[in-house]
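Dock chain B against chain A, hints included.
Chain by chain, the residues run as shown.
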Amino acid sequence: MALRGFLRGFKPFELISENQVEQIHEGTLDVLAKAGVKIYNDEALNVFKKNGCAVDFDTNLVCFPPALVEDCLRRCPSSFRVKSRNPDHDLVLGLDHTVFFNFPGRDIVDLSTGDSRTATRQEYIDLVRVLDALPTVHFLNNYPYFGYQGIPENMKEMEGAAIRLAHSTKVTMEIANNDIDRFTFRMAKAIGTEIFANPNTSSPLTCYTDQTNACFLAAEYDLPSMIWDGATTGSTAPASVAGAVISGNAEVIPYIVLLQLLRPGARVAVANLVLPQNMKTGAPAFGDISVSLHLAAYNQVWRRYGIPMVASSSGVSNAKVIGFQLAYEKTIPSLIAAISGSSAVQIHSSVYGEISAHPVQAVLDDDIANMIGRFLGGIEVDEDSMAVDMINEVGPIPGHFLGQAHTRRWWSREQVMTKSADRLTYPEWKNGGKKTDVDYARERMEEILSSHRVEPPLTDGEQGEIEKILKEAREHFRKNDLISSAEWSEYMKTLKEEGRA
Amino acid sequence: MTDEQKGILDKLRKAIFEYNAELARVSAQKAIELGIGPVEAMNVMTVAIREIGEAFGTGELWLPDLIGASDAMQGATPVLEEEIRKQGAHREILGKVVAGTVFGDIHNIGKTMVTTLLTAAGFEVDDLGVSIKADAFIEAVQKNEADLVAMSALMTTTMTEQEKVIESLKSKGIRERVKVMVGGAAVTEEFAGDIGADGYDPTAPGAVQLAERLLGKGK
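Residue numbers (our numbering), protein chains in the order written: chain A, 1 to 501; chain B, 1001 to 1219.
Chain A on its own, in the form it takes in the complex (with noise of 0.2 angstroms):
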């Protein structure tokens, strides 16, 4: 058993033609040649050198012959296993089938006012369990929230890391920063499951060192790779769909030809978080329809290359609380990314931007999964679902189909039940007290935190493996000045709040 997802019946939607599919990789192939990128990682510097890139050790600029990239992106695989500590639990990425993940939120968010705020431990614990009960989240995205209330700035992630491999069985992530991931690797090693490295890239057409070392890492423990793009169109990325899909083509492949020169064969997937500028306020325009048609002709490119491609900007929105605008950005992305072919779709529990996450919103996340999902299953035309005979027995009024077998065998597979819309009618929904989506999906959130167990838990040896690397890190950063004296003392009071100092 694994977590593959959904299948996809037909086709993958196609937005541009084949040639211009060959124009984009030709004009990826340019800039990588000719612009080159800049990457701060002397030891990447000197593979590229040894493999026939030209590397300016001044400046730190690679220009990569084009035969070298695209021998690289030849030897990926176009599908790949990730290990987890409970084997139903392992994920399967790539070829036809799409999964769905959580996209995360730095805050919980207070779902009648909007307002945002640091989650404590146990409400970043209840959202990774009900993360990890929703049938439709594949695998788990490096936070759900940026760490909780008393942590410093720079073990937020790794204590949350720690959380999410001892409430969840399902695969989950790490970033590079501060060489976290050193730290976090070791934690999955020591109870048996794989988890991905998160390579970024900075745009425009740079690598940063930490970065970098995490393709160094993931080669060394033979974990799979994520490699996150996060362009700015219209500022650090250009405003046109076609030439920001190129400029950040050329940022994300330095990275898979670093990691098939360390580990050939090895298990590569791209994330884009390709996000329009609002050219009002600076910031990114989530949900916006740029996102779709960027995904789509992404998509379609790096089928060509046969590596699983991971739809992100696809779980963001720019609206503060839950409601219609959220439910629009988040679906009409997700459901372009997964008709054209993403591996992979961000969609669960964000509501705001990355900055607020809710778990009633994964809840309902999960019937948007649901009904993407049984669309890409596409539909049967055979004698069965043509169902001609039955049509002309059953012949005009009074005749209907309710009572016929085929109905009883085929209505169910047709559609989705949706667990938190509400499908009343209207006496029933104001006599049942006019209850909303939100109001079911709070229900059934409630109903998953009372009765879901992880399987299996933790042991008491695994636990205290996970602690021992923390205490190990824990004094790494303080040692190197990345938690400060106050942030220490907090740190301090927090553990021993928690029995944990």
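Please keep in mind that the hints were generated in silico from the structure rather than gathered at the bench.
It is possible that some hints are incorrect.
Claimed, not checked - DEER-style ranges, computed between Cβ atoms:
no.	chain 1	residue 1	chain 2	residue 2	range
1	A	L111	B	Q1142	46 to 56 angstroms
2	A	L402	B	T1058	28 to 38 angstroms
3	B	G1037	A	D58	40 to 50 angstroms
The beta-carbon is built from N, C-alpha and C at its ideal position, and this holds for glycine as well.
Coordinates of chain B only, in the frame set by chain A:
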């Protein structure tokens, strides 16, 4: 003023509205050759950029227009500033700003947007760049005799660096001499208050208004 002088100032103004840095530079050079005062030429550009700013405010123009006009102005500014220095003339500015993205954070765009708009509004800005250590902020504040420090941080892991800069300003005894404003995706009003900043704004245009308010130049 001769017709030729008027014509060249019109060209300078047109260069700003057409976002043409090269035309601005050439026109500024020509204006000096024709004996136009560099402060007067600078004022023509300031008026043009203010009109563009107002059009941005009413929704007729957008950030790319604002940045394009500012870049055009930057084409002519070095030429005119050099002449101002040569002539020992005096130019009115709204204030001196030291700006940068804090140490450990390499996000450039938000900070550049703010520095561009500050420059366009009439501030003199020393843009230190990205991943700037507290010591470098202090050194620039002292060197420029700055009125305002503007710090950006996109990530939660780096926004605490903003506090380090404020602490360093205090330890050097110069905190009272400068105003401090902070911004960036991770920063909140509450955080800005906690670390002792004088102001916070979530948007680049808002940051300009904040800077004006902090230095008592608000409209």
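Each hint tested on the structure:
Between A:L111 and B:Q1142 the beta carbons are some 49 angstroms apart, a value that agrees with the proposed interval 46 to 56 angstroms. A hinted range of 28 to 38 angstroms is violated for the C-beta pair A:L402 and B:T1058, which are about 60 angstroms apart. For the pair B:G1037 and A:D58, the supplied restraint of 40 to 50 angstroms holds, since their beta-carbon distance comes to about 43 angstroms.
Hint 2 from the list above is the single one not met by this structure.
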